[in-house]
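Modelling step: build the complete structure from the supplied sequences, incorporating the hints.
Order-wise, the sequence lines are chains A and B. Everything in the first sequence is counted per our numbering, starting at 410 for the first residue and increasing by one. Everything in the second sequence is counted per our numbering, starting at 410 for the first residue and increasing by one.
These are computed hints drawn from the structure, not numbers from a lab. These figures come from a predicted structure and were not determined experimentally. No false leads were slipped in.
Straight-line C-alpha distance at most 30 Å; calculated DSSO-like pairs for lysine-lysine:
no.: 1; chain 1: B; residue 1: LYS420; chain 2: B; residue 2: LYS466
no.: 2; chain 1: A; residue 1: LYS516; chain 2: B; residue 2: LYS472
no.: 3; chain 1: A; residue 1: LYS466; chain 2: B; residue 2: LYS420
no.: 4; chain 1: A; residue 1: LYS509; chain 2: B; residue 2: LYS466
no.: 5; chain 1: A; residue 1: LYS433; chain 2: B; residue 2: LYS420
no.: 6; chain 1: A; residue 1: LYS509; chain 2: B; residue 2: LYS417
no.: 7; chain 1: A; residue 1: LYS445; chain 2: A; residue 2: LYS433
no.: 8; chain 1: A; residue 1: LYS433; chain 2: A; residue 2: LYS420
no.: 9; chain 1: B; residue 1: LYS465; chain 2: A; residue 2: LYS417
no.: 10; chain 1: A; residue 1: LYS465; chain 2: B; residue 2: LYS420
no.: 11; chain 1: B; residue 1: LYS445; chain 2: A; residue 2: LYS420
no.: 12; chain 1: A; residue 1: LYS472; chain 2: B; residue 2: LYS509
no.: 13; chain 1: B; residue 1: LYS466; chain 2: A; residue 2: LYS420
no.: 14; chain 1: A; residue 1: LYS516; chain 2: B; residue 2: LYS420
no.: 15; chain 1: A; residue 1: LYS465; chain 2: B; residue 2: LYS465
no.: 16; chain 1: A; residue 1: LYS420; chain 2: A; residue 2: LYS465
no.: 17; chain 1: A; residue 1: LYS417; chain 2: B; residue 2: LYS516
no.: 18; chain 1: B; residue 1: LYS445; chain 2: A; residue 2: LYS417
no.: 19; chain 1: A; residue 1: LYS509; chain 2: B; residue 2: LYS472
no.: 20; chain 1: A; residue 1: LYS472; chain 2: B; residue 2: LYS516
no.: 21; chain 1: A; residue 1: LYS472; chain 2: B; residue 2: LYS433
no.: 22; chain 1: A; residue 1: LYS445; chain 2: B; residue 2: LYS466
no.: 23; chain 1: B; residue 1: LYS472; chain 2: B; residue 2: LYS420
no.: 24; chain 1: A; residue 1: LYS516; chain 2: B; residue 2: LYS417
no.: 25; chain 1: A; residue 1: LYS420; chain 2: B; residue 2: LYS472
no.: 26; chain 1: A; residue 1: LYS516; chain 2: A; residue 2: LYS420
no.: 27; chain 1: A; residue 1: LYS433; chain 2: B; residue 2: LYS472
no.: 28; chain 1: A; residue 1: LYS445; chain 2: B; residue 2: LYS465
no.: 29; chain 1: B; residue 1: LYS509; chain 2: A; residue 2: LYS465
no.: 30; chain 1: B; residue 1: LYS509; chain 2: B; residue 2: LYS433
no.: 31; chain 1: A; residue 1: LYS472; chain 2: B; residue 2: LYS445
no.: 32; chain 1: B; residue 1: LYS417; chain 2: A; residue 2: LYS466
no.: 33; chain 1: B; residue 1: LYS420; chain 2: A; residue 2: LYS445
no.: 34; chain 1: A; residue 1: LYS509; chain 2: B; residue 2: LYS465
no.: 35; chain 1: B; residue 1: LYS417; chain 2: A; residue 2: LYS417
no.: 36; chain 1: A; residue 1: LYS465; chain 2: B; residue 2: LYS417
no.: 37; chain 1: B; residue 1: LYS417; chain 2: A; residue 2: LYS472
Beyond 10 Å from chain B on every Cβ pair, some chain A residues (computed):
no.: 38; residue: LYS433
no.: 39; residue: GLY480
no.: 40; residue: THR512
The C-beta atom is built at its ideal place from N, Cα and C for all residues, glycine as well.
There are 2 protein chains.
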Amino acid sequence: MSGASEQKSGKVDFIGVVQEEASKVTIFPEFCAGLKGLENFSHIIILYWFHLRDHKKERQTLKVVPRRHLGAPEVGVFSCRSPSRPNPIGLSVVELVEIKGCTLIVKGLDAMDGSPIVDIKPYMPRSESIPNARAPEWTDHGSPT
Amino acid sequence: MSGASEQKSGKVDFIGVVQEEASKVTIFPEFCAGLKGLENFSHIIILYWFHLRDHKKERQTLKVVPRRHLGAPEVGVFSCRSPSRPNPIGLSVVELVEIKGCTLIVKGLDAMDGSPIVDIKPYMPRSESIPNARAPEWTDHGSPT
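Okay, here's the thing in structure tokens:
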């Protein structure tokens, strides 16, 4: 039934944009109905586009030294949150403070102003909260991601 | 410096594929170097492509009644984890059991065999574990997402 996809790539249509020092996310009017019920979640997952890294060279990056973590070793891009990566998608778990029409007021979004939004998902603690997850020591310093 | 992006869409290149009842994720050889250091994380975030929903009609879906949660009300697609959504990207937090070369053995991946992989990110409990996040009552029943 499922079968392996023969697609080699996919197209994402941006659904909104990050604004005002990453405190606001405005969803474009044509996607706004998709927010129904979101106010019942205290936290959401925002997938956004690292638009300033959407270039061939950055997308060919496979290893980096995470700059925001002093003393971090060289690691693969899939082992850190580098914006230079094959698909320039960022992920932030943020607090949803308020919804005003098509605009979300959020706290903790680690995205630059002007970043396109790819998706919004509700944060489900049953499957997404893993307090005892193990991470290497270098992630304890500096940026939370 | 940042500026709003004028792009309306982006291209994602698939980096791997889900196999064997969602217990294996094989990363294509050209991206495999990006896994360096991933073995130091107990959990990872997998972004995958809902390839069976990558059609115009499914991508126009904005409201659904979440089928895997008995008694759920109609909600927006950004308030649930419906595979029918504007950008057919799925997100699963999974346990990383083992890495064998370019293949990840995982536990808890909620993806169909054959699903293309879009990105792998390390799970960072400092920013991603929010045990007391509030979610509506309907999410307590049935599927964990």
